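S.K.: Take a look at the letters that make up each chain.
There are 2 protein chains.
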Amino acid sequence: MKLEMICTGEEVLAGQIVDTNAAWFANLMMENGIEVQRRVTVGDRLDDLIAVFQERSLHADVILVNGGLGPTSDDMSAEAMAKAKGEPLVLQDAWVERLHDWFTRNGREMPKSNLKQAMIPASAVMVDNPVGTACGFRVKLNRAWLFFTPGVPFEFKQMVEEQFLPFVQQSFGKTDNTALSKLLTLGRGESSLADELEAMSLPDGITLGYRSFMPYIEIKVFARGDSAISALGKVTEQIRRQLGNVVVASGKTSLEEEIHARLYNSGMSLSVAESCTGGLITSQLVAFPGSSSYLHQGLVTYSNESKVRVLGVSPQTLDDYGAVSIPTVEEMARGARALLDSDYALATSGIAGPDGGSEEKPVGTVAIALATRGGVYSQMIKLPRRSRDLVRKISAAVAYDMLRRELNGEAVVVDYHSIGRFPK
Amino acid sequence: MKLEMICTGEEVLAGQIVDTNAAWFANLMMENGIEVQRRVTVGDRLDDLIAVFQERSLHADVILVNGGLGPTSDDMSAEAMAKAKGEPLVLQDAWVERLHDWFTRNGREMPKSNLKQAMIPASAVMVDNPVGTACGFRVKLNRAWLFFTPGVPFEFKQMVEEQFLPFVQQSFGKTDNTALSKLLTLGRGESSLADELEAMSLPDGITLGYRSFMPYIEIKVFARGDSAISALGKVTEQIRRQLGNVVVASGKTSLEEEIHARLYNSGMSLSVAESCTGGLITSQLVAFPGSSSYLHQGLVTYSNESKVRVLGVSPQTLDDYGAVSIPTVEEMARGARALLDSDYALATSGIAGPDGGSEEKPVGTVAIALATRGGVYSQMIKLPRRSRDLVRKISAAVAYDMLRRELNGEAVVVDYHSIGRFPK
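These protein sequence lines map, in sequence, to chains A and B.
According to the working numbering, the first sequence is numbered sequentially starting from 9.
According to the working numbering, the second sequence is numbered sequentially starting from 9.
The hints are simulated quantities; they were obtained by calculation from the structure and are not laboratory data.
There could be a bad hint or two in this list.
[What the hints assert, rightly or not] Here are the computed lysine-lysine pairs in the DSSO-like style, where the Cα-Cα straight-line distance is at most 30 Å:
#1 A:120 x A:228
#2 A:124 x B:228
#3 B:120 x A:228
#4 A:124 x A:165
#5 B:91 x A:228
#6 B:120 x A:390
#7 B:124 x A:228
#8 B:165 x A:228
#9 B:242 x B:228
#10 A:148 x A:10
#11 A:190 x B:165
#12 B:242 x A:120
#13 B:390 x B:228
#14 B:91 x B:190
#15 A:190 x B:120
#16 B:228 x A:120
#17 A:165 x A:242
#18 B:91 x B:165
#19 A:390 x A:369
#20 B:242 x A:91
#21 B:228 x A:10
#22 B:190 x B:390
#23 A:120 x A:91
#24 B:190 x A:190
#25 B:390 x A:165
#26 A:228 x A:148
#27 B:124 x B:190
Given the structure is predicted, the values throughout are model-derived calculations rather than measurements.
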């Protein structure tokens, strides 16, 4: 079965929004053993839409079309599909009724423009949208089924999960005999990882892939066929041992996900005191439902006065060592932990750039501390030539990893391959 | 001139990363009056790459190819291009020397696999990459110039800005006679905005577009041709008046950008106390370099104990009214402002969901306050049926807008079209 995706919308093509629907869709398909073979993104021009529907329908078995089902004049997927097939649009009375119900339920009058959302090509089969005003539909053209979905992410996702995926599985059967494991690494470049791993001898049917999504590089271990699948666990463990400290998680896409999973409903509590990471650690954790079960507070003490006033850092320490220093960040962590007697506290203080560096402490110098009931661990890392955004992301990741290692009973401060450290 | 983009990489096609390069590129082109007409995304399969290079080279004048120039075995853009053109890959001695220099400068030995990055098709023209190990190149095939760029975002961006854009402008001349203005709206749906605006009579050559990027909808006012361009300012102002409170900025893509621009180096200071928004407000502001000039602190007082201990909220208030209430959020804002005597403080407390709601205060109930030297403004909004993420984003946006309106000397608490409010 050959699956392609067509993404429509000037705002996607013109780059004003990033196409998260496409990434989500491809990822879901992969998890179900289905490869998306090509993705074409086109704007809101009727002729372009007609051309791409006709062209790709000659190559693919199934085409997921996303976007262009809205009520405004630049939404023209249904019209383009009708023209591509040479048939009229037909108003679906059943959907008009649903629209009226939907607006009534939401206490609003239906804008006239929404009627357009009930018009689909004559030969199309309507596809229900239980959470929005755009009805989906599917149409056969040439070799392909074209399956039309709305651009609004939560409407799109529900339609794909509840209707598109079952349709594909029923029509084309289950697919490949493959399995996948993933290792998350921090602090080592892709080519350096690849050099080391490509020297390993891997069983037949096992291949490696890399994805770089800052500050992590994920190593994907693919297995195809029964014997490779049964070797997958052992090979993954072998890679993890080979790489050592830089492997920071498996099967997770970020360290915040790992930390949330470890602390959620664990009875343990965490406070966070951030300076250069500026709320990044806190907001990454709060993004997970249930983080209130362990997160006491996140204190972004951006100014020195705030470090003194809120965290109880001594003005003398700030004078003697500066805000970006081991003594200051240790006092920040101790102070944040003590406020509510949390089990753990993380603290960061650094120079994220692009300005503010000195010869002694250049941009990219970040002090990080972890306070526990037993004591404080700290380190000062060097991240030269990284953007402000990346300095903040790496610093947050190193902080999470210190806590992760402490929770594992491992050494808290370790070397990562290409993250420099100031000697203590 | 017909411009297309080809994005390569299994990790982009398979959705494990979101293609931010594509969005950035298309946006930059649009700002330079150049439309990207189509974007094709393919994985790391040699045959697919060869096919798409050959096929699209028949339709486009210029094709920007992104990705697949790395050192690992799944990087195969150069090889595919050489095969598509039927010519060998040739090692570029000049680039090998650059690679050795690059690694020496970074104090590392060059991994052997990087040599591959100096191989480009025989007829290709090398394109410099001053910040990375992959050299770019361009090749003519059929109608098109194919321009190959690395996937690493900052290498890609520098190559596009310094080399691709000048190449296109020199080869094809400047383009269209167009202009664009943008209005940012909050709290009103796309179809409802469109219904109201499509009833307005607009001058010839002016068209409207909408982009929805939660929690905002941006209205784009396009002008094509001299008379439309000269009317653009007046039309934009007319739309702003027509829509009232829901227009919250112009020419900005978010309210945090607006607030940062207003407070940066203004001499004014801000503290933030967040509960349900969980560091989102703080980290959105800290993302801008220079935010330390006004941001005193951001206190994420997630637990009640932290509200009491850090912000000085009275335990009695929490008992009497609960954490999500006007009295509590007002005390949070007052407390955050008083700590360092900031000019302003914003505070949020709400139920982001998916759990934690009650009949009286369902999920999506959020109390927001702004404290100034003169007093406190507050409101409690209702955001039913929104995701956790969206509740947090809308709440942060409303908080910013309260501050923006205060800075303008306007009423701080107003109705937005479809954001409900509890009566005071």
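S.K.: Next step is simple, just say for each hint if it's right about the structure.
M.R.: Tested hints:
1. A:120 x A:228: Outside the cut-off at roughly 50 Å; violated.
2. A:124 x B:228: holds (22 Å)
3. B:120 x A:228: Holds, because 22 Å separates the two Cα atoms, which is no more than 30 Å.
4. A:124 x A:165: With a Cα-Cα distance of about 22 Å, the restraint between residue 124 of chain A and residue 165 of chain A holds, given a limit of 30 Å.
5. B:91 x A:228: holds (28 Å)
6. B:120 x A:390: Status holds; Cα separation ~27 Å.
7. B:124 x A:228: Holds - the C-alpha atoms of residue 228 of chain A and residue 124 of chain B are around 22 Å apart, at most 30 Å.
8. B:165 x A:228: The hint holds at about 27 Å.
9. B:242 x B:228: Measuring from Cα to Cα gives roughly 14 Å; hence the hint holds.
10. A:148 x A:10: Given pair residue 148 of chain A, residue 10 of chain A holds - Cα atoms ~15 Å apart, limit 30 Å.
11. A:190 x B:165: holds (29 Å)
12. B:242 x A:120: holds (28 Å)
13. B:390 x B:228: Holds - the C-alpha atoms of residue 228 of chain B and residue 390 of chain B are around 28 Å apart, at most 30 Å.
14. B:91 x B:190: Not satisfied, since the Cα-Cα distance of roughly 45 Å exceeds 30 Å.
15. A:190 x B:120: holds (25 Å)
16. B:228 x A:120: This hinted pair holds, its Cα atoms lying about 22 Å apart.
17. A:165 x A:242: Violated, because 35 Å separates the two Cα atoms, which is more than 30 Å.
18. B:91 x B:165: Holds: residue 91 of chain B and residue 165 of chain B sit about 27 Å apart, inside 30 Å.
19. A:390 x A:369: holds (9 Å)
20. B:242 x A:91: violated (38 Å)
21. B:228 x A:10: Violated: residue 228 of chain B and residue 10 of chain A sit about 37 Å apart, past 30 Å.
22. B:190 x B:390: Within the cut-off at roughly 28 Å; holds.
23. A:120 x A:91: holds (23 Å)
24. B:190 x A:190: Given pair residue 190 of chain B, residue 190 of chain A is violated - Cα atoms ~42 Å apart, limit 30 Å.
25. B:390 x A:165: holds (25 Å)
26. A:228 x A:148: violated (36 Å)
27. B:124 x B:190: violated (45 Å)
Checked against the numbered hints given earlier, this structure breaks hints 1, 14, 17, 20, 21, 24, 26 and 27; the rest are met.
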